[in-house]
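Here the structure of chain A is known, so what remains is to put chain B in place on it, guided by the hints.
There are 2 protein chains.
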Amino acid sequence: MDFSSKLLENAVEEISYLPGIGKRTALRLALHLLNQPLERTTDLAQALVNLKTEIKHCEKCNNISDSKTCEICANPNRNHALVCVVEDIRDVMAIENTNQYKGVYHVLGGKISPIDGIGPNQLEIKSLIEKVSSGSVDELIFALSSTMEGDTTNFYIYNQIKEFTITTSTIARGISVGDELEFADQVSLGRSIVDRVPFQNSLKN
Amino acid sequence: MDFSSKLLENAVEEISYLPGIGKRTALRLALHLLNQPLERTTDLAQALVNLKTEIKHCEKCNNISDSKTCEICANPNRNHALVCVVEDIRDVMAIENTNQYKGVYHVLGGKISPIDGIGPNQLEIKSLIEKVSSGSVDELIFALSSTMEGDTTNFYIYNQIKEFTITTSTIARGISVGDELEFADQVSLGRSIVDRVPFQNSLKN
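Those sequence lines, one after another, are chains A and B. This note's numbering numbers the first residue of the first sequence as 415 and each following residue consecutively. This note's numbering numbers the first residue of the second sequence as 415 and each following residue consecutively.
Next comes chain A alone, as it looks inside the complex:
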């Protein structure tokens, strides 16, 4: 693209570094900001810089937090011996939205993925092992996505903690509530039969 303005070109280039945003969309966003009051741009710029410079990671669970300990870890009403291992804050938000979980979390910050150059040392695995070995954990729930990377990460962690006497579990895989059986994928349907639960359980929710 041939821009008449270096300022515009520069802004478009910076915006297009964001994932999923090409040059054309970036130009649309830049021109949109140009048509808006100055505060819209300065507020956006300030919010991004504040996020990057002031954000903390909870020293207990590694979740994104404004303070040294996140709200969930600081809540005495939660079960701190029940720890759910997740990839990032989006998974925490998704599980919190269900209102079904009263334990705490451990945010790994990603999954083991050699192809992306992410090994165990780039993730918060060491602190999880320490947490388990200190004896403060009764049950660990693996809630990573069921991809090869997720399974590898689960297995890596499991190997490190199997010597400790804690319960380990993974979230149930099966047919989504409301889904038609005929359209379900084979693997999920197969798992849902193998991991069937007592009928009485389904009456609770």
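Honestly, I wouldn't trust all of these hints.
[As the list claims (entries may be wrong)] Calculated pairs, DSBU-like style, for lysine-lysine (alpha carbon to alpha carbon, straight line, at most 35 Å):
id: 1; chain 1: B; residue 1: Lys-437; chain 2: A; residue 2: Lys-474
id: 2; chain 1: A; residue 1: Lys-437; chain 2: B; residue 2: Lys-576
id: 3; chain 1: A; residue 1: Lys-576; chain 2: B; residue 2: Lys-474
id: 4; chain 1: B; residue 1: Lys-437; chain 2: B; residue 2: Lys-474
[As the list claims (entries may be wrong)] Residues from chain A that face chain B, not an exhaustive set, calculated with beta carbons under 10 Å:
id: 5; residue: Ala-425
id: 6; residue: Leu-462
id: 7; residue: Glu-510
id: 8; residue: Gly-524
id: 9; residue: Gly-531
Just so you know, the hints here were simulated from the structure itself, not pulled from any lab data. Here a beta-carbon is modelled for each residue, glycine too, at the ideal position from N, C-alpha and C.
Below, chain B without anything else, positioned relative to chain A:
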């Protein structure tokens, strides 16, 4: 969405004010920036603020420019008596990319659209009329999109300048080069027959 962090919530909210970006995409972008070096965020923020505070509009054609007169208007090799009326800088860039146009532009900054509260006074129409009445324009090419708003704007400007002895034209509408006739829309096909051109013309490009 329930965020564990005010900083994150604030950043997501500011990003989601951008057109076409919802809360979920905004969260993905914010988390992406969190995983990148600080410079990525500060460069983006600075580029946006610079764009908004330092950008100028060319005093001749109203196009976005880094200086008082844009590169196109400052170019003595262009035909300054041939003026192409466009909506915004994207149209200028699109026409410049064709390498077929050697005149200059007049950027209106939008189209007359009562439903969006945009009247002639919000657009750079007065300066266009002055340019025409000063006698410096030989031909005006209307290159607005062929929507109701575009046609209204064309007609409004035409009514103000028809007293002056200049040529007015609109860009040709017809079948796109490479399109199959059977899939073309009726209106474009009809126009392409009514506005047919000498066969020799088609041999030039």
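Hints, one by one, checked against the model:
The hinted pair formed by Lys-437 of chain B and Lys-474 of chain A meets the criterion: a straight-line CA distance of about 27 Å does not exceed 35 Å. With a CA separation close to 40 Å, the supplied pair Lys-437 of chain A and Lys-576 of chain B exceeds the 35 Å bound. A C-alpha spacing of about 75 Å is found between Lys-576 of chain A and Lys-474 of chain B, which places the hinted pair above 35 Å, so the restraint is violated. Between Lys-437 of chain B and Lys-474 of chain B the alpha-carbon distance is near 40 Å, which puts this suggested pair outside the 35 Å criterion.
A distance limit of 10 Å between C-beta atoms decides the matter here; for Ala-425 of chain A the minimum to chain B is near 4 Å, and the interface restraint holds. Look at Leu-462 of chain A: its Cβ gets to within about 5 Å of chain B, closer than 10 Å, so that hint holds up. Taking 10 Å as the C-beta contact cut-off toward chain B, the hint placing Glu-510 of chain A at the interface holds, the least distance being around 6 Å. Using the Cβ-Cβ criterion of 10 Å, the hint placing Gly-524 of chain A at the interface with chain B is satisfied: the shortest such distance is roughly 9 Å.
Checking Gly-531 of chain A against chain B: minimum C-beta separation of about 13 Å lies over 10 Å; hint violated.
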